[in-house]
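**Student:** Chains as they are written, first to last, in the numbering used here: chain A, 1 to 158; chain B, 1 to 104.
Not one of these hints is a red herring.
The list that follows gives simulated cross-link-like pairs (lysine-lysine, BS3-like), each with its CA atoms no further than 27 Å apart:
hint, chain 1, residue 1, chain 2, residue 2
1, B, Lys81, A, Lys90
2, B, Lys93, A, Lys46
3, B, Lys84, B, Lys55
4, B, Lys23, A, Lys128
5, B, Lys12, A, Lys70
6, A, Lys128, A, Lys46
7, A, Lys40, B, Lys96
8, A, Lys53, A, Lys90
9, B, Lys12, A, Lys90
10, B, Lys93, B, Lys55
11, B, Lys32, A, Lys46
12, B, Lys19, A, Lys147
According to the in silico footprint, chain B covers these stretches of chain A (three or more CB under 8 Å from chain B):
hint, region
13, 37-49
14, 79-92
15, 95-104
16, 111-117
Restraint-style ranges between C-beta atoms, simulated for each label pair:
hint, chain 1, residue 1, chain 2, residue 2, range
17, A, Asn131, B, Asp3, 28 to 38 Å
18, B, Thr10, A, Pro114, 19 to 29 Å
19, B, Arg104, A, Lys150, 30 to 40 Å
20, A, Asp73, B, Thr100, 31 to 41 Å
21, B, Asp3, A, Lys90, 32 to 42 Å
22, B, Thr36, A, Gly103, 14 to 24 Å
23, A, Pro72, B, Lys6, 15 to 25 Å
24, B, Lys34, A, Asn88, 42 to 52 Å
25, A, Lys70, B, Ser77, 19 to 29 Å
FYI, nobody ran anything at the bench for these hints, they're computed from the structure. Remember, it's a predicted structure, so these values are computed and weren't measured experimentally. C-beta atoms are modelled at their ideal positions from N, C-alpha and C, and glycine is treated no differently.
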Amino acid sequence: MNAFRQRRIFLKGTLAGSAVAVAVGAGLLSPRQVLAAWPKEAFEAKDIAASLKGVYNADMTTPSNDIEIKAPDIAENGAVVPVTVNANIKGIESISLFVEQNGTPLTAVFNLAPNALGTVSTRVKMGKTSNVVAVVKAGGTLYAGRKEVKVTIGGCGG
Amino acid sequence: MADSIKIRATLKGDVCTVKALIKHPMETGQRKDKKTGQVIPAHFIQEVVCTHNGKNVLTSAWGAAISANPYLSIEFSGAKKGDKVALAWVDNKGEKDSATEEIR
Numbered sequence: 001m002n003a004f005r006q007r008r009i010f011l012k013g014t015l016a017g018s019a020v021a022v023a024v025g026a027g028l029l030s031p032r033q034v035l036a037a038w039p040k041e042a043f044e045a046k047d048i049a050a051s052l053k054g055v056y057n058a059d060m061t062t063p064s065n066d067i068e069i070k071a072p073d074i075a076e077n078g079a080v081v082p083v084t085v086n087a088n089i090k091g092i093e094s095i096s097l098f099v100e101q102n103g104t105p106l107t108a109v110f111n112l113a114p115n116a117l118g119t120v121s122t123r124v125k126m127g128k129t130s131n132v133v134a135v136v137k138a139g140g141t142l143y144a145g146r147k148e149v150k151v152t153i154g155g156c157g158g
Numbered sequence: 001m002a003d004s005i006k007i008r009a010t011l012k013g014d015v016c017t018v019k020a021l022i023k024h025p026m027e028t029g030q031r032k033d034k035k036t037g038q039v040i041p042a043h044f045i046q047e048v049v050c051t052h053n054g055k056n057v058l059t060s061a062w063g064a065a066i067s068a069n070p071y072l073s074i075e076f077s078g079a080k081k082g083d084k085v086a087l088a089w090v091d092n093k094g095e096k097d098s099a100t101e102e103i104r
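Next up, chain A with everything else stripped away, as it sits in the complex:
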C-alpha cells in the first residue's frame, strides 16, 4: 500500500527542479567523449526517484497520455522483453526507460536530436513482473508513461 502511495506522489508531481540535464545531450560527441558523462549514479540507483535525480536532476514527473509504451502484457522470458516507446509530444529532448522492479531500474537514456522522432524501440531485461516506465523530457518538463508487464521467468539472475 505504501509503495502504491509513493508511486502516486511520484506520478502527480510536476517538475520543480532546474532543467540541468546530463552533458550527453550536448551536441556532437563521439562515443568515447560521451563515456565520461555516463551517469553512473543514475544507473546504480535502487529506485526510480533516485535515478531520475541522476539523469535529469529532478524527482517529479507529469503523467501523460501522449506516451505510448508498446510491450507485451505477459512476457514469458524476462531476459528479452521488447519495448517500444512512442511519444507524441513536441520538442522531445530525451527519452529514458525504467523497469520499476529491477534492482537498478534505469535501463537506458536516449538523447534525441531535434529532427529525431519520439519513437525508440529496444529490448530490456526484467527480473520480475513490473511497470515499465518511460520518462520523456520535452521543453524542460518531464512526462511519464507506464505499462505493466507480467514476467513468467525472470531475466536478471543466473
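Please build the complex by placing chain B on the supplied structure of chain A, with the hints as guidance.
**Tutor:** Relative to chain A, chain B alone:
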C-alpha cells in the same frame, strides 16, 4: 569486436527508420557461473551514438538491463536516399565498434 553491428536504414517520405542489431553479451555482473560459482563480471554497452551524415541523431547511455544482443530502432526526419547513417557503441571495458550504412 569487429562486425558486431547489423544496421539498416530505410526511407519513407523524408523519415528514416534506423534498425540495428548489435552482437554483445550484455553481462549484468549479477550472474554466477553455474560451474564455478564465480560471479561473471559485468560487460555491457554503455554508450550508443547514431549519426546522420556525421550529425548526431541519437546519443544514448545504456545500463546492463538492455537485453543481450541489443536491438535498437529509432526514426528521424530530414533524410534522403544515399545519406549515410552510422552507429557506434562503447562498452564498459572500452571495447567499441561502429558501422555505416546508406539509406535506401
